[in-house]
Amino acid sequence: AQSVTQLGSHVSVSEGALVLLRCNYSSSVPPYLFWYVQYPNQGLQLLLKYTTGATLVKGINGFEAEFKKSETSFHLTKPSAHMSDAAEYFCAVRTTGGTSYGKLTFGQGTILTVHP
Amino acid sequence: ETGVTQSPTHLIKTRGQQVTLRCSSQSGHNTVSWYQQALGQGPQFIFQYYREEENGRGNFPPRFSGLQFPNYSSELNVNALELDDSALYLCASSSQLKRNTGELFFGEGSRLTVL
Chain A
1 AQSVTQLGSH
11 VSVSEGALVL
21 LRCNYSSSVP
31 PYLFWYVQYP
41 NQGLQLLLKY
51 TTGATLVKGI
61 NGFEAEFKKS
71 ETSFHLTKPS
81 AHMSDAAEYF
91 CAVRTTGGTS
101 YGKLTFGQGT
111 ILTVHP
Chain B
117 ETGVTQSPTH
127 LIKTRGQQVT
137 LRCSSQSGHN
147 TVSWYQQALG
157 QGPQFIFQYY
167 REEENGRGNF
177 PPRFSGLQFP
187 NYSSELNVNA
197 LELDDSALYL
207 CASSSQLKRN
217 TGELFFGEGS
227 RLTVL
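If you read the protein sequences in the order shown, they are chains A and B. With my numbering applied, the first sequence closes on residue 116, and no number is skipped along the way. With my numbering applied, the second sequence closes on residue 231, and no number is skipped along the way.
Isolated chain A, as found in the complex (with noise of 0.2 Å):
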């Protein structure tokens, strides 16, 4: 079975420094990897992906992650965050087992603040 810890419920930063959200995945087979984002009163939306290949993935508004297999780590980051960025964001990773194959596997989420 697969499962996804973000590491940090609420990470607050100011504006134009580094956005840094930390996802940590389980997983027995090579993973799919999504971070979405969530604004407020509003539904998920696809940042960026990992499926194969580059293991660096750029996504829009500026936001990338890396996959590193030997961490098991799926990191979302951000050079400079604007105000526009505060939002809830979630990370995920395919289900690849049972009757749930496909679909998705969501960690808790992490709500970030910026702070101008």
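Keep in mind the hints are simulated off the structure, nothing from the lab. Among the hints, a few may not be true.
To be verified - Listed next, the in silico BS3-like pairs over lysine-lysine satisfying Cα-Cα at most 30 Å (straight line):
| # | chain 1 | residue 1 | chain 2 | residue 2 |
| --- | --- | --- | --- | --- |
| 1 | A | 58 | A | 69 |
| 2 | A | 58 | B | 214 |
| 3 | B | 214 | A | 68 |
| 4 | A | 69 | B | 129 |
| 5 | B | 214 | A | 49 |
Source: prediction; values computed, not measured.
Starting from the known structure of chain A, fit chain B onto it as the hints suggest.
Just chain B now, kept in the frame of chain A:
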């Protein structure tokens, strides 16, 4: 191109009642998935519908049921509501090719409160 739309956006029910939530998939998408997001939690997979058949189910009891219609829209039905069913219910659509890849387009959700 229209996105995923859900209705109603908010509703309040009492314990024991039944509820139906509706979802229209994004144009061209024939697969619909439903997720439950409790307050402060990540979404949890309920089930997926493809070609009007259930195509995968998470760890939810049978009182959670669904339908998909020929136009690919979908309904989520929950019977005998319990307080713990209070949550945001998210519908997500995907294309046939990507229905098992995890790439989903989400609606804004239906927030259900059970009193």
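For each hint, the structure was consulted:
1. Simply put, residue 58 of chain A and residue 69 of chain A have alpha-carbon atoms about 18 Å apart, close enough for the 30 Å limit, and the pair holds.
2. About 20 Å separates the Cα atoms of residue 58 of chain A and residue 214 of chain B, which keeps this hinted pair within 30 Å; it holds.
3. For the suggested pair residue 214 of chain B and residue 68 of chain A, the alpha carbons sit about 24 Å apart, so the restraint of at most 30 Å is met.
4. Taken as a hint, the residue 69 of chain A and residue 129 of chain B pair is broken in the structure, with Cα atoms around 45 Å apart against an allowance of 30 Å.
5. Proposed proximity of residue 214 of chain B and residue 49 of chain A is supported: the alpha carbons are some 13 Å apart, at most 30 Å.
Violated hints amount to a single one, hint 4; each of the other numbered hints is respected by the structure.
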